[in-house]
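Knowing the structure of chain V, use the given hints to seat chain D on it.
These are the residues of each chain, in order.
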Amino acid sequence: MIAEVGHFALFLALAMAFIGAVFPSIGLARRDGFLSHLAGPAVLAQFVFVLIAFLALLYGYVVSDFSILAVANNSHTMKPMIYKVSGVWGNHEGSLLLWALVLTGFSSAVALFAHNLPHSFKARVLSVQSGIAFGFLAFTLFTSNPFARLDPAPLEGSGLNPLLQDPGLAFHPPVLYVGYVGFSIAFSFAIAALIEGRITAAWARWVRPWTLVAWIFLTSGIALGSWWAYYELGWGGWWFWDPVENASFMPWLAGTALVHSVIVVEKREALKAWTVLLAILTFSLSLLGTFLVRSGVLTSVHAFAVDPARGVFILAFLFIVVGGSLTLFAIRGGSLKPGGFFAPISREGALIFNNLFLVTALATVFFGTLYPLFIDAIFGEKLSVGPPYYNLTFVPLMVPVVAAMAIGPLMPWKRADLEGILGRLKFMALIALAAAFGIWAYVGDGSLFALLGLLMGLWLAGGVLFDIAQKARMGKMKASGSLHRLASQPRSQWGMWLAHFGVAVAIFGITASEAWTSERLAIMTLGSSQEVAGYEFTLDKVWPVAGPNYSAVRARFQVSKNGEPVASLEPEQRIYNSPTRQTTEAGIRTLALGDLYAVIGDASPAGGWSVRLYFKPLVAWLWGGAFLMMLGGLMSLSDRRLRIVVARKKALAPSSVAAE
Amino acid sequence: MSKGSLNPMRRRKRQRIIVVLTAMGLLGIAVGLILVALQENIVFFIAPSEIAERQIESGQRFRLGGLVEAGSLEQQPNDPTIHFRITDLEASVPVQYRGLLPDLFREGEGVVAEGRLTAEGIFEADSILAKHDENYMPKEVIESLKKSGRWQPQEERPKDEDS
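As given, the protein sequences belong to chains V and D, one line each in that order. Just so you know, we're using our numbering here: the first sequence kicks off at 1 and counts up by one. Just so you know, we're using our numbering here: the second sequence kicks off at 1 and counts up by one.
Same shape as in the complex, but just chain V:
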């Protein structure tokens, strides 16, 4: 019964999406106030109905109602409650419902909180949002109904893939989706701006917070995913350039470019057409990511669905969204009047540089991800493009981006003196160079890649610190005065420093863990020891453990250095009951200089167990860096209230030319 309520609510949401997409546009064309005012209520109604549907499905999972096909396929009575709940979105049908829920949630937030938008503009934004919701709801209802019944209902469900039964992965999809779907707002604003033929600094002030929210969530979603891969897959790797990972990385790259180019529109009213194009690109890539992961064209842990009808639907949807918006751009893009002159060497120029490189790097990832699919479709030849490809294409293109990240923020708007800035950075550059060489030589055994990574990280970190010191006039006035100056910097300034510093920290983590990981593979008996990077791992104990829905073999390693105990690691090998599958839980301890990482494998025929032991230097910095980036985004976002007030004032003035 409850499932039918959910199913029916989903149909009502679809109807509301249709009303919300079509009627406001008619209303605006005919100057019919009643029709154009329908946009807001229609969006709110969609959210309420999708929420009802979502709760109905959630209820089905919580009470283990196996007469619902999706529940029977993905849940099990023995599963801990958290994974019953996360099972809702741990599969194709439920994840689409989550997509729709987040999407309509975002639309409702615009309807409720964006009071200062001009009426016609808001109606257009909401009608575009409704159009997207219509596509997704239709897709859900007609190809992937989460409420399909199963008759007779089985007594027990088949359970959730045990690899996905993990706290990290329970929250990975929702977080990622908020990121993906959040970019729909930037997209709808861009389409509305194209239809109205006008973009102002106020437009950028509206778009920027939404884009930042999406970016923060996407960043944390990707970070969560890579962290999960690191501790759950048991290979000690955190990024495999797998198409599924690239699917979320591509919108992140485009979104990062967008977060930067919106600033130029806001401050200088330049780069309007480019920013609109980026907004379209970012959301299109979010859709493409959904398509790649959800249509089953890729084979990977994430590809839950294997059904060509769904693929064709998403492809058609993608075609309409991308083709339609690009056509609109071609027709109307010229009407966006560029403003703000600037010299090539300027803050604007630096941001264009950043955008061009980011988008080019994105293009290489795009190509590497789709090329194998393309070759497979045309020639039927199976091939794969692995990390060496990305090391040769993506990495070289990111080097100039990072190099410029230290310089760009020092440049003033309109026109900058590059020689002067480089002159001021000379001292810092020398320190970075010397330190990079010093560390590289001291640690030894590093590749040139490692040297480059150290140099880039130090250069960027140095650049950020240099900028902070300059803004604080450190050394030119009393310390208290400097601190006061720092405290009075705008939050968005602090946001940028934090985020850029986070990139530097992540670069250290990537470089050190890639270049200097020590690994040992061995068969160990109880009481025997193995040495990895100066740490002595002793296999202390191996014993069986029973979990709620699995049984496991747990091992204890005592780790010591120079005779001093350092840590005790307890990796597990689990065997889940339903479905029967084996998973690895690595034993990890993060130390100041790196992670100790142990995995226990199968018992060896002659006694003992195969084990894999690692020391991974600075690998935790990677997630620390990602955390700083998110924090930077949040900091920047907290400037928002101020920004909206300013936007309101400017929106009232007819000619809203930024005069900053």
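Hint data in this document are derived by calculation from the structure and do not stem from the laboratory. There could be a bad hint or two in this list.
[Stated by the list, open to error] Selected chain V positions facing chain D (in silico; Cβ < 8 Å):
| hint | residue |
| --- | --- |
| 1 | Phe379 |
| 2 | Lys382 |
| 3 | Ser384 |
| 4 | Gln582 |
| 5 | Thr584 |
| 6 | Pro605 |
| 7 | Ser610 |
[Stated by the list, open to error] Calculated pairs, BS3-like style, for lysine-lysine (alpha carbon to alpha carbon, straight line, at most 30 Å):
| hint | chain 1 | residue 1 | chain 2 | residue 2 |
| --- | --- | --- | --- | --- |
| 8 | V | Lys337 | D | Lys13 |
| 9 | V | Lys267 | D | Lys13 |
| 10 | D | Lys13 | V | Lys414 |
Positions of the beta carbon are idealized from the N, C-alpha and C atoms, including for glycine.
Leaving out everything else, chain D in the frame of chain V:
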């Protein structure tokens, strides 16, 4: 760099030309990088029976996919190297791998290994991929089994609901 004397229209045009030229240059660089990287770094997926027919030389990197031959898994005492055979039910290839087997590895199940053939015809894998969907079977393996006509659909799990 100051060109303050130019009028706005010309400045804008100049600005645009610089950006477009930079973008074109970058795109050229990207295409170059992609071409070089592709030449060296694409890895083909090959079934055991295709090794002879495609004249794979030793040392060439590729992915070998098929089923883990039942009863072929072997390990010497105190040596973490693992030996097994990958078969597509037409031909089978001996594989050796130093490492922990991934969680989804099992005799009779699908597997994809990446590595090189040694001069003795042993496939030396440096990674065993655990890229399985919920039916335990890598897509490539299913297709190569279908190609060799040995695919048995009843191996699919009954929960395949999407019909």
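Status of each hint after checking the structure:
| no. | hint | result |
| --- | --- | --- |
| 1 | Phe379 | violated (11 Å) |
| 2 | Lys382 | holds (3 Å) |
| 3 | Ser384 | holds (5 Å) |
| 4 | Gln582 | holds (4 Å) |
| 5 | Thr584 | holds (6 Å) |
| 6 | Pro605 | holds (6 Å) |
| 7 | Ser610 | holds (5 Å) |
| 8 | Lys337(V) with Lys13(D) | holds (14 Å) |
| 9 | Lys267(V) with Lys13(D) | holds (21 Å) |
| 10 | Lys13(D) with Lys414(V) | holds (16 Å) |
Hint compliance for this structure: hint 1 is the single one not met.
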